[in-house]
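Taken in order, these protein sequences are the chains called A and B.
Per the working numbering, the first sequence starts with residue 1, numbered consecutively.
Per the working numbering, the second sequence starts with residue 1, numbered consecutively.
Rather than coming from a laboratory, the hints here were simulated on the basis of the structure.
Here the structure is a predicted model, which means the values were calculated and not measured.
Note that the Cβ used here is the ideal one computed from N, Cα and C, for glycine as well.
You can trust all of the hints, since none of them are fake.
Simulated coverage check for chain B against chain A, where a stretch passes if three residues somewhere in it have a Cβ under 8 Å from a Cβ of chain A: (1) 72-79; (2) 144-156; (3) 183-189; (4) 245-257.
One-sided excerpt, in silico: chain A residues whose CB lies under 7 Å from chain B: (5) Tyr56; (6) Pro60; (7) Trp61; (8) Tyr135; (9) Thr139; (10) Val145; (11) Val154; (12) Thr156; (13) Asn159.
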Amino acid sequence: MSRARKTRGGRSRAQPAGRPPKPSGWRARLTPAVIRRVEAEIADRLAKVPNRLNEYGYDPWGLDLEVLKRSMIPSVLAYRYWFRVKTTGIENLPAGRALVVGNHAGQVAIDGMMVGTAMILEADPPRIARGMGEYWLPTIPWFNVFMHRVGGVVGTPKNCVDLLHNEEAVMVFPEGVRGMNKLFWQRYQLQRFGLGFMRLAIETRSPVVPVAVVGSEEQAIAIANLMPIARLLNMPAFPITPTWPLLGPLGAIPMPVRYHIQFGKPMVFDGDPDDEDEAIQRKVDQVKHAISTMIADQRSRRKNIFF
Amino acid sequence: MYQIDLRKKAFEDVFRKEQPSVVVHLAFIRHCRAAPEVRHEVNVLGTKRVMEFCQKHGVKQFVILSSHYVYGALPENPYFLDEDAPLNASRTYPEIRDLVESDALATGFLWKYPEIHSVVIRPVNILGYYVHSAIGTYLKIRRVPTMIGFDPMMQFIHEEDVTEAIAIAIEKRIRGVFNVVGPGAVPLGVAIHETGGKTLPMPEPLARFAIGQAFKYGLYPFPPGAIDFIKYPCTLDGSRFVKETGFSPLFGLREIFASVTR
Chain A
1 MSRARKTRGG
11 RSRAQPAGRP
21 PKPSGWRARL
31 TPAVIRRVEA
41 EIADRLAKVP
51 NRLNEYGYDP
61 WGLDLEVLKR
71 SMIPSVLAYR
81 YWFRVKTTGI
91 ENLPAGRALV
101 VGNHAGQVAI
111 DGMMVGTAMI
121 LEADPPRIAR
131 GMGEYWLPTI
141 PWFNVFMHRV
151 GGVVGTPKNC
161 VDLLHNEEAV
171 MVFPEGVRGM
181 NKLFWQRYQL
191 QRFGLGFMRL
201 AIETRSPVVP
211 VAVVGSEEQA
221 IAIANLMPIA
231 RLLNMPAFPI
241 TPTWPLLGPL
251 GAIPMPVRYH
261 IQFGKPMVFD
271 GDPDDEDEAI
281 QRKVDQVKHA
291 ISTMIADQRS
301 RRKNIFF
Chain B
1 MYQIDLRKKA
11 FEDVFRKEQP
21 SVVVHLAFIR
31 HCRAAPEVRH
41 EVNVLGTKRV
51 MEFCQKHGVK
61 QFVILSSHYV
71 YGALPENPYF
81 LDEDAPLNAS
91 RTYPEIRDLV
101 ESDALATGFL
111 WKYPEIHSVV
121 IRPVNILGYY
131 VHSAIGTYLK
141 IRRVPTMIGF
151 DPMMQFIHEE
161 DVTEAIAIAI
171 EKRIRGVFNV
181 VGPGAVPLGV
191 AIHETGGKTL
201 PMPEPLARFA
211 IGQAFKYGLY
221 PFPPGAIDFI
231 KYPCTLDGSR
241 FVKETGFSPL
251 FGLREIFASV
261 TR
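Start from the sequences and build out the full structure, keeping to the hints where you can.
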């Protein structure tokens, strides 16, 4: 009876004014409301991002907002319900070009994912973080396409400079795998920072925005790193945690710690981008100091890892 | 209108008779079906002779049409390769080594004879109704072979815009090496779809073997070295040419794809 009354689109009566139209089709009906809400929020935020896409919807580095929208659904769900991220200082993110520099941890680059999600969900205007990847990432099938469609590029200096000249926000983790794969007793100790990002910041006159991520260290507690196995499997590292590889693939899921992300005030550096390493190191140390201060502040205020 | 083999002696006679003031060198064998020695001879020796005669017979402007292929398609390529980027094509695609060599010869000629306004133009993938380009041949294959899991960004330019770029280079009397870039970049899959083709995704190890064999027996126009160009990007930064000439492509991406007829 009620089926006969439904129109072809599945809508049975006009919606009251002001409410979003109820989606039609079996796929939409099977999607839980929370996902539909997240989808709508992502679409709304991405529509506000200032970017230059061509008539087919791509930017010169391969960014595709349609792919980004879909891929963000699990990130936003993780952001809201698994890691329950608390972001502060997002107003410090300037419009226009910026180098977002953070501490790296957690065995898998989820901190990058969470910082990027924070920049889309909470910044005004929303910014798509352009991640800098390793040189061998484009050789991986499927992943190389995905990485470019969601805004990542290979971390060559030319790519970084071109992105900054295009007023993008580039996200870098100067500790690299040194930070990501460190063991649990080195947590929150900032490892050596690569100096390249500072030279590019000076050359392009881009503000450096320090970001402190607290929580990533505890998501995967690494008690050992078996390099021989890593080399055998052609991976950068092979961490051993209480859950991995003991519990198999399920053990790779990070623990539901609470993330605290704090964006610091943008720091502008001038000088000679070709200066000696010592001069650049002094500037990098200022950024390291800003990050470690924020980390200490967040940790002292944190009462519990999970809540 | 002369139709002469540029390796022959009669070629120099044309210079003597016509005394050209501008020479545009487009005479390259760009397909891989010719014997490699013949191809190398025509492309490298031919270019050398053209430039030699230009210098000998008082040519004032010399334009050579190189290609974006000379940069090579590597996984770590930045997305805006500028004219100073190294020419890495021969690393994985030895068959187009002659294009790299003739480009290098032309660049050397540019610096050696500054009184001649020489221009090396490196355009991106050229598509159009009349042009027989490698990318055009590729896109017109009925089931276009692609590598599973790879979809690189590619730039395209219409044949008329390339002609316009050459004309503008002559008109403005510029000299130097210039990338000439079209209206934008799209992934390869989009280009194949927009030109009415269907993809034939192949896993790479199988593809390299199959393509190698097919090329050897003349069934497929491209050697396995070309596979890198359908995996990794080779996109250029055309801002130097734009700054020097004010060039702006007339044909957008949709028109470019519409001009490809099967």
